[in-house]
Amino acid sequence: MSGLRYVYAVCRPFGTPLPAQLSGVAGVPPKQLVHHDLVAVVGQVPEEDFSEEPLRAHLEDLDWLGATARAHQNVIDALTVVTSPLPLRLATVFRDDSGVRTMMEEREETFLRTLDRLDGRVEWGVKVYSEPRDTENPQASGAPGDGPGSSPAKAASGRDYLRRRRDQRKESEERWERAEEFARRLHESLSEGAEDTRIHAPQDSALSGAPGRNILNAAYLVPRTESEAFVELVDRTKDDTPGLRVELTGPWAAYSFTGEDA
Amino acid sequence: MTVVERREVALVDLLDRLLAGGVVITGDLTLRIADVDLVRIDLNALISSVNENVPAPWEEML
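As you go down the protein sequences, you meet chains A and B in turn.
Going by our numbering, 189 is the number at position 189 of the first sequence; the sequence numbering is gapless.
To convert, take the position in the second sequence, counting from 1, and add 1000; that gives our numbering.
Simulated from the structure, these hints should not be mistaken for lab results.
Hints are all accurate, no fakes.
Simulated restraints on C-beta separations:
| id | chain 1 | residue 1 | chain 2 | residue 2 | range |
| --- | --- | --- | --- | --- | --- |
| 1 | A | L162 | B | T1026 | 49 to 59 Å |
| 2 | B | T1026 | A | E53 | 13 to 23 Å |
| 3 | A | W176 | B | T1026 | 33 to 43 Å |
| 4 | A | D167 | B | T1026 | 48 to 58 Å |
| 5 | B | T1026 | A | G120 | 21 to 31 Å |
| 6 | B | T1026 | A | R236 | 41 to 51 Å |
| 7 | A | A201 | B | T1026 | 15 to 25 Å |
| 8 | A | V34 | B | T1026 | 15 to 25 Å |
| 9 | B | T1026 | A | E47 | 18 to 28 Å |
| 10 | A | R184 | B | T1026 | 30 to 40 Å |
| 11 | A | A57 | B | T1026 | 15 to 25 Å |
If you only want the chain A side, here are some residues facing chain B, beta carbon under 10 Å, derived:
| id | residue |
| --- | --- |
| 12 | A91 |
| 13 | E123 |
| 14 | D204 |
| 15 | G250 |
Owing to the predicted nature of the structure, the values given are computational and were not obtained by experimental measurement.
We treat Cβ as the ideally placed atom computed from N, Cα and C, and that holds for glycine.
Next comes chain B alone, as it looks inside the complex (with noise of 0.2 Å):
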């Protein structure tokens, strides 16, 4: 259970926890940490974009 035998994570995976998990702190940043969750959403369209083929369930959810 090293991280060498780790094959590699998947980026959807790893988005999860960086954009939606992680200490959140305000104060001095240069960018508002909030704003930064705004980017699965524009994820999401860039994928759909590149992808017209495959239905996209997020339209269900809306």
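Next comes chain A alone, as it looks inside the complex (with noise of 0.2 Å):
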């Protein structure tokens, strides 16, 4: 086998053979790369894709990106099924299989402790946003900056708009408080339903398209026995939250709770 070799996981050897129609990076089917108790699911990737220049042109190349992601999610969810996998970095890339031969022996314990933490857990995510209000929309609220002759009729002097402009700030800066203090009970309640967590940086709507400001972006290693339990936790609070939006995605392979390094 010529090529280089993505690494998408390390698992405990489950015995069950990956679907045959199962296509990974690069279109290629992965397969199992056996090292004592440890089982590498690797993939044959071309130099010219893969190797250190391409690679990195590539991963600035969204469209790339994005389906290489997609690539390597849907072997991690093959292998979620039948095991509890230990994802690996998006591209982890090596020359040939004695490469991660010698990665998996000389990681052996490490994997093997992770792996046994990892057992029968798998990964929701949870987040939190602040829906948008008309009151942020500028043309709204007459912001300053509309300049001479655009101010709003109603802001009759100069005092009342100063006021005006205050009691929105102080509106604003309330409603910023209570989505905070919601997002924080919330993830203390999850955190008890769970092992572990994780706090992600709150993602951009720019670059996530969803509406309104994410303020709490979470994981929790959950263990599937209990994972009815916590999707039904989440469901109850995002009752009665007005102004707010709760967001669940899962279940996902552990992959924010790896290492030490998370």
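Using the hints, put the two standalone chains together into the complex.
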């Protein structure tokens, strides 16, 4: 087998063949590379796309990055059905099988420990958004910078105008505090139903296309057997939160809980 | 709760996990994985350049 080796995940031997039609990065079906009590799930990828320079360039191409991320996820999803994989970072590419084996040999103990910790667990993602409001629209609030002559008619004097601006700012701050308080309480309550948690950076609305401002972007490690209860917990807290939106994603492989560095 | 029942995940949720999560390996790799984190910055630049009308909240965080 020539070409480079793209490694998706490391697992305990799972005894089940992967679906024959399963396709991974570069459209290549992944294979299992066994080393002692570990299996690396590996796909052959072409050097012209995955050696250092082309890979670096590709990673800045959103279409390529998206397609590769989905292909990677496709394989991890299939693994999640049959085992609890330890996923590797996107685009972990070795020169040959021997490089992959050396890596497994060197990290054998850590991998086994982490796989034990993640066995039977999945990751759930929970995001909280503060919904956009009309008052945040400059046209509706008479923002400064509208220029002379364009002030709303209701601003009878400069003093009125300043007072209204101050009230709006206060309302906006209070709403923000309420949103943060809600997110904090939700995270506390969900953490009790999880073995581990991780806070990701809030998502940019320009990047996600999701309306509103993302104020919590968290991941929770939950045993499969308790996932139903966890999802119900999220569903319950979703109610009764005007101006806020809660989104649940998952179950994911435990991407956010793979190591001490996480 | 099977894979089939799930709607397609948002790319941004996927990248949160694939670029910030997963085991980071060092060694005989074609590309140092630490370099990959830079992708997010490039992504932001890319998105803002095609969405000039959309405010870019990350500027507030700089």
